[in-house]
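Chemist: Read top to bottom, the protein sequences are chains A and B.
Under numbering that gives the first Met the number 0, the first residue of the first sequence carries the number 0, and numbering increases by one thereafter.
Under numbering that gives the first Met the number 0, the first residue of the second sequence carries the number 0, and numbering increases by one thereafter.
There's no promise every hint is true.
Claimed, not checked - Calculated pairs, PhoX-like style, for lysine-lysine (alpha carbon to alpha carbon, straight line, at most 20 Å): (1) A:Lys52 x B:Lys204; (2) B:Lys384 x B:Lys436; (3) B:Lys495 x B:Lys384; (4) A:Lys29 x B:Lys222; (5) A:Lys104 x B:Lys444; (6) B:Lys504 x B:Lys455; (7) A:Lys26 x B:Lys204; (8) B:Lys492 x B:Lys384.
These aren't lab readings, by the way, just hints derived from the structure by calculation.
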Amino acid sequence: MSLKSTVPFKGTKEQEQQLKAIIEAEKNNKGCLIPIMQKAQNIYGYLPIEVQKIIAEGLSISLQEVYGVSTFYSFFSLYPKGEYQISVCLGTACYVKGSGDVFEKLQQVLGIKDGECTADGKFSISACRCIGACGLAPVMTINGDVYGRLTPNEVEGILAKY
Amino acid sequence: MTCSNDKMVAGASLNETEFFKKQTRVALRNCGVIDPCNINEYIARDGYAALGKVLTEMSSEDVIQTLLDSGLRGRGGAGFPTGLKWKFAAANADDQKYVCCNADEGDPGAFMDRSVLEGDPHVVLEAMAIAGYAIGATQGYIYVRAEYPVAVERLQLAIKQAREYGLLGKNIFESGFDFDIDLRLGAGAFVCGEETALMTSIEGKRGEPHPRPPFPAKSGLFKKPTILNNVETWANIPQIILNGADWFAGMGTEKSKGTKVFALGGKIKNTGLVEIPMGTPLREVVEEIGGGIPGGKKFKAAQTGGPSGGCIPAQHFDVAIDYDNLIAIGSMMGSGGLIVMDEDNCMVDIAKFFLEFTVDESCGKCTPCRVGTRRLLEMLDKITKGQGTMQDLEEMKELCLYIKANSLCGLGQTAPNPVLSTLNYFYDEYVAHVKDKRCPAGVCKDLLSFTIDKDKCIGCGLCARNCPVNCISQTDYVAPGHKLASYVIDSSKCIKCGACMANCKVGAISKK
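Build out the structure end to end from the sequences listed, making use of the hints.
Modeler: So this is what it looks like as structure tokens:
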């Protein structure tokens with residue numbers, strides 16, 4: 000079972016204040032919407048509709064405009080991610096060296112699909128397009144730790160470290 | 000400076016290795032040589048000398064003329080003459096102009112921009128300031144992928160140091176010239192590598208492209224005259240100013256001057272960045288610098304240009320790499336990804352891989368790209384499942400040409416290239432999928448079947464124990480000379496994962 004949209008919003012007052020301070024500081028800069036959303040995602044870990052409403056109100060723009068941007072860019076997530084975020088590179092260099100098999104094995108072991116999160120909130124997985132570590136192909140990252148020259152057989156051992 | 004001297008000595012011996020011997024490092028000259036977090040090391044390697052020369056000795060026309068004479072063309076892929084771009088922007092008078100750096104290196108399999116940003120961030124800042132002077136801009140933006148956190152960090156540090164040294168900001172070199180740079184982080188949309196989409200994204204909107212004209216040189220970022228160059232293009236510019244246009248034009252071929260960095264990856268012994276003079280034969284890059292293909296496998300194709308490019312087959316292995324030659328054989332330079340494929344890679348699968356990418360990354364604004372690439376992917380999917388017809392192949396070709404001719408931006412206009420080039424060079428592989436329902440490279444799972452050679456099988460049962468769907472069972476047959484009965488695969492239950500074959504110690508299992 001995935002967590003996708005079943006998690007209620009649990010934002011705190013402190014988080015909201017932090018976000019409002021950022022909006023206040025940036026709102027007169029040209030093209031500030033995306034930088035604000037990036038910072039908001041750093042605060043909350045994702046961008047639920049409640050957070051997008053705060054941004055829209057703070058910038059006096061429509062929620063539709065914020066939502067349009069948040070759904071356009073893959074970096075923005077409308078759903079919470081796992082404690083450990085796994086990205087498997089499916090860029091060309093990794094793909095020709097078998098990252099597709101690594102990705103499949105991960106989905107099998109964790110029982111979730113691309114973009115989903117395990118029921119205990121521990122792991123989420125996503126495919127990404129090239130992190131520029133093509134010399135180490137195939138590559139995956141777990142919260143910024145890079146694992147290179149992978150084979151599907153190593154997947155379980157690596158997950159066990161977390 | 001002793002520290003950097005040590006590193007330079009180490010660099011000299013590195014240059015004698017096979018991998019480095021044939022390379023000419025211009026854009027990458029400082030990468031791995033200097034400490035990118037220390038502006039003094041950059042300055043010790045003539046850093047900011049070009050900016051000083053430009054501001055104190057040259058007019059903006061001189062700068063543009065030097066670039067025109069050098070023959071430098073955009074390294075982001077399209078190969079537009081850089082000097083010409085600057086000339087257009089300089090000619091459009093306005094109260095505010097912008098200089099942008101495209102560091103949204105989205106092509107999977109290309110990482111030269113990341114290396115320059117991480118290894119030599121100041122070269123980009125210096126070159127952008129030079130451009131600001133040449134076209135009359137005071138503000139620059141670097142649009143860098145959020146997927147490159149180290150690059151972002153080093154750029155932030157470099158900007159801070161340059162400001163402290165007075166190399167960015169007001170009255171640089173006491174020339175009265177002001178220039179500053181800000182970072183903008185990308186948010187994971189491939190289409191934002193397209194120039195108009197990139198600028199829309201810097202404006203804080205959905206990164207959708209818009210039709211040209213007007214070109215950015217006239218109406219770009221915030222509707223002001225703007226130039227946008229790629230990281231590698233910027234990395235060449237200070238050297239051109241210092242060494243002169245003739246020095247740069249002395250390298251390369253007639254229409255492609257200088258060097259090009261390639262990210263060598265895939266089925267090759269030495270992976271990594273290689274910088275070679277334009278016109279170097281592909282064979283030399285793969286066999287001599289790259290050390291050839293591991294495991295004694297045969298070269299099948301080299302893929303260049305990422306999702307916009309094509310596959311170069313063995314018959315063109317001797318092509319001299321430059322912008323025009325690559326286009327002539329149905330690929331393109333692109334930003335410099337060079338992925339080598341061997342006989343175990345299925346070309347239909349590769350075409351499908353790239354189409355999945357473009358379908359995913361199409362922004363959806365124009366119909367030919369949004370719908371066309373999806374239809375194309377469906378056809379490819381059918382073929383890899385053994386359900387394709389010869390008519391599909393014909394229709395695919397027609398659809399490709401339609402998408403190319405009618406899409407709004409470069410993403411759609413080039414999206415069919417991987418299909419067209421594989422159809423052109425590997426038509427027999429497509430036919431094998433369609434007519435014989437067979438994948439010659441043994442990649443397309445729906446067309447594979449695994450079988451156990453009953454006379455080679457020693458009956459150890461490893462395959463059965465590793466089968467995730469329990470579709471392998473023991474028979475009554477004991478092969479002559481063996482003690483245990485052999486195993487057999489029930490192909491109706493088999494999910495073609497290949498675990499049995501990977502675990503068989505005697506090589507009794509084959510796929511075809």
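Chemist: For the pair supplied as a hint, Lys52 of chain A and Lys204 of chain B, confirm whether the alpha-carbon distance does not exceed 20 Å.
Modeler: The hint holds at about 17 Å.
Chemist: Are the Cα positions of Lys492 of chain B and Lys384 of chain B separated by 20 Å at most?
Modeler: holds (17 Å)
Chemist: Check the hint pairing Lys495 of chain B with Lys384 of chain B against an upper bound of 20 Å on the C-alpha distance.
Modeler: Roughly 13 Å between the alpha carbons, so the hint for Lys495 of chain B and Lys384 of chain B holds.
Chemist: Does the structure keep Lys384 of chain B and Lys436 of chain B at a Cα separation of 20 Å or less?
Modeler: OK: Lys384 of chain B and Lys436 of chain B at ~8 Å, within 20 Å.
Chemist: Given the hint that Lys29 of chain A pairs with Lys222 of chain B, does the C-alpha gap stay at or below 20 Å?
Modeler: It holds: about 12 Å lies between the C-alpha atoms, which stays within 20 Å.
Chemist: Hint check: Lys504 of chain B vs Lys455 of chain B, CA-CA at most 20 Å. Holds or violated?
Modeler: holds (11 Å)
Chemist: What's the verdict on Lys104 of chain A and Lys444 of chain B, does the C-alpha distance respect the 20 Å limit or exceed it?
Modeler: holds (15 Å)
Chemist: So if I understand the rule, the pair passes when the alpha-carbon distance is 20 Å or less; does Lys26 of chain A with Lys204 of chain B pass?
Modeler: Holds, because 14 Å separates the two Cα atoms, which is no more than 20 Å.
Every hint from the earlier list agrees with this structure, and none is contradicted.
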